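Residue numbers (the numbering used here), protein chains in the order written: chain B, 1 to 332; chain D, 1 to 278.
Honestly, the hints are just simulated from the structure, not real lab data. All values derive from a computational prediction rather than experimental measurement. Heads up, the beta-carbon is just placed ideally off N, CA and C, and yes, glycines get one too. Among these hints, one or two may not hold up.
Here are some chain B residues the structure puts well away from chain D; computed CB gaps all over 12 Å [said to hold, decoys possible]:
1. His28
2. Gly30
3. Ile51
4. His78
5. Gln82
6. Gln85
7. Ile131
8. Pro135
9. Glu219
10. Arg225
11. Val230
Covered stretches of chain D, as calculated for chain B (at least 3 residues, CB under 8 Å) [to be verified]:
12. 24 to 33
13. 174 to 180
14. 195 to 202
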Amino acid sequence: MKFITKTDLSAWIDAQITNCEVVAPIEHNGHYLYEPIQSSREIDWSFTRPILPVKEYFFNPTEQILTFTKQWGNVTIHETLQEDQRIIIGVRPCDAHGLKVLDAMFLDADPLDPNYKAHRDRTLLVGFACIETLPTCFCTSLGEGPDSTDGLDLLITPINDGFIVEPVTARGEGLAASMGWVDREIEKPAPPEMPIIPFPEQGAWEALFHLPIWEQTAERCLSCRICAYVCPTCRCFDIRDELIAAKDGKQEFERIRVWDSCASEAYRKIAGGHNPRKAKAERLRNRFYCKFDYFPSQYGPLACTGCGRCIELCPVNIDICETLNQLAEVVT
Amino acid sequence: MNRTEQIQETARDLLEREKVNCVIGYEPGSRGHARPAFIYKAEDVERLTWDETCTHNLVRYLLKREDEYLAIVVKPCDARAINVMLAENKLFREHIYIMGVKCEGVKVHGNLQDRCQRCTQRTPVIYDKLIDGEPATISYDTPVGEIAYKQIESLSPKEKMEFWLEQFDQCIRCYACRQACPICSCPTCLYERDDSHWVGIGIGVSEKRAFHLGRAFHLAGRCVGCNECQRVCPVDLPISMLNQKIHQEMQNLFNYTPGLSQTISPLTTVLSPEEVLP
Numbered sequence: 001m002k003f004i005t006k007t008d009l010s011a012w013i014d015a016q017i018t019n020c021e022v023v024a025p026i027e028h029n030g031h032y033l034y035e036p037i038q039s040s041r042e043i044d045w046s047f048t049r050p051i052l053p054v055k056e057y058f059f060n061p062t063e064q065i066l067t068f069t070k071q072w073g074n075v076t077i078h079e080t081l082q083e084d085q086r087i088i089i090g091v092r093p094c095d096a097h098g099l100k101v102l103d104a105m106f107l108d109a110d111p112l113d114p115n116y117k118a119h120r121d122r123t124l125l126v127g128f129a130c131i132e133t134l135p136t137c138f139c140t141s142l143g144e145g146p147d148s149t150d151g152l153d154l155l156i157t158p159i160n161d162g163f164i165v166e167p168v169t170a171r172g173e174g175l176a177a178s179m180g181w182v183d184r185e186i187e188k189p190a191p192p193e194m195p196i197i198p199f200p201e202q203g204a205w206e207a208l209f210h211l212p213i214w215e216q217t218a219e220r221c222l223s224c225r226i227c228a229y230v231c232p233t234c235r236c237f238d239i240r241d242e243l244i245a246a247k248d249g250k251q252e253f254e255r256i257r258v259w260d261s262c263a264s265e266a267y268r269k270i271a272g273g274h275n276p277r278k279a280k281a282e283r284l285r286n287r288f289y290c291k292f293d294y295f296p297s298q299y300g301p302l303a304c305t306g307c308g309r310c311i312e313l314c315p316v317n318i319d320i321c322e323t324l325n326q327l328a329e330v331v332t
Numbered sequence: 001m002n003r004t005e006q007i008q009e010t011a012r013d014l015l016e017r018e019k020v021n022c023v024i025g026y027e028p029g030s031r032g033h034a035r036p037a038f039i040y041k042a043e044d045v046e047r048l049t050w051d052e053t054c055t056h057n058l059v060r061y062l063l064k065r066e067d068e069y070l071a072i073v074v075k076p077c078d079a080r081a082i083n084v085m086l087a088e089n090k091l092f093r094e095h096i097y098i099m100g101v102k103c104e105g106v107k108v109h110g111n112l113q114d115r116c117q118r119c120t121q122r123t124p125v126i127y128d129k130l131i132d133g134e135p136a137t138i139s140y141d142t143p144v145g146e147i148a149y150k151q152i153e154s155l156s157p158k159e160k161m162e163f164w165l166e167q168f169d170q171c172i173r174c175y176a177c178r179q180a181c182p183i184c185s186c187p188t189c190l191y192e193r194d195d196s197h198w199v200g201i202g203i204g205v206s207e208k209r210a211f212h213l214g215r216a217f218h219l220a221g222r223c224v225g226c227n228e229c230q231r232v233c234p235v236d237l238p239i240s241m242l243n244q245k246i247h248q249e250m251q252n253l254f255n256y257t258p259g260l261s262q263t264i265s266p267l268t269t270v271l272s273p274e275e276v277l278p
């Protein structure tokens, strides 16, 4: 297997930084976030699961879709797509799985999303296998695992005195070619085990729609947006045109797309004030149905990767595993 | 009887006699930390619990339920929020039954909360029934937050701005701080209006700065220091420091602590009758 020392991997990362943007997990206020780095020294190699998934680099919290100017009745439109190459280091397999889920909607289904595609094309994903898991992790229940390579260009597995390097795609082979690895006979460590969370099959959800569980669970929901914003697959957005500048009869606007969440009160509010998902229970139910029924029936994959972020960060302990367990009990 | 048993017994009595239709308290959560619970039937009262992980300020759940008769379990900090909301006519006193718990502090992941380290009030200011018990043995150290607060206070204005912009940059505009706050009770938040010219929809640092500073000022003289905003923050921003700063200014100027009685903030403008437009 390809083996690289920490010193050599760090040197490789520093070499990449001179060529393109490099994003990696860094520590902030006692937790981890993926952020652009200037030196490999900023990386905390013992990082766990960052608060936000790498989704934020493909489906941005705020993305400028286009700009347009209006002058004397003439309107000109410019599409804004980014092309600069970028490498994200330390991607967790659950996050890479999340991107595969997003691909099913943004890339594989019509219409293709040009902004998402541009970010996917320009970004190389260097994954990090999880050698430990957190109590809220349950990725194996969703068909992936702590050492899955799905969606990654290259996977790095930490071992005692360095790392195992495994290219996954041709782009990953390209990255590995410039790394100073040596061939060594090593056995890959066994991935950590996790509890298996049962959940209803896709066809079973219709019968669960009117259960009192939705109301009971949602009663404590604060209608904040944490669960959706930290989710590697949540992809709802709002769009608005905002004025950037106005001068000499010329007005410049931008069209921005920003994250939205089904937990928020105004999520389904429409013109005239009607809101078909006014109650918290209706919105919480939407979250579960979206992940396990609506999205898979429309695009294929389940829209949950078992990363456990929503469980860890929910201020009022709305626990997707607990609810799935309860639902599975009703079904069987 | 321990505190859990007293809460359960009071809840059972209230529900059996139909004095309230719901008891808002705490129940054991799925991951070792208590969570809010809503009890409608006397046979369910055994779900209720009290322990040092009962961090949430449940007063938030009283809002928008003015027509109902509700019982609530409150800590001393939560009780002050009830006083603020009563003073602002957001709650009806006769509609709520308050179980005030004597509290020695609450913990998150085993750590005593900063607010509890500096808390000087162990008995709620307002209650219908006092839930008392053996005092917990908790050691109070100098709060970590207090040290950080002093450090930031000693910075120059330019450095303070740099510090806060760096913090706000991490914010994801999830609004958890606002949603968890028992005092943030506007029907439509200024920062979420569709027609707002004050702040855009984007999740950028300028919007987040406007939101956080605006929120802090809107809570001036109203914030009871329960620190729920900071506890729920997914990126652990020290946002309650802004409220703490404003609170200290209020203390210096007006010697006023919100929620000790049912009075509205001295910063709130009240129109005298002749000033009210017909």
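Of all the hints numbered above, which does this structure not satisfy? Sort the numbers upward.
Hint check: 1, 2, 3, 8, 9, 10 and 11 fail, others pass.
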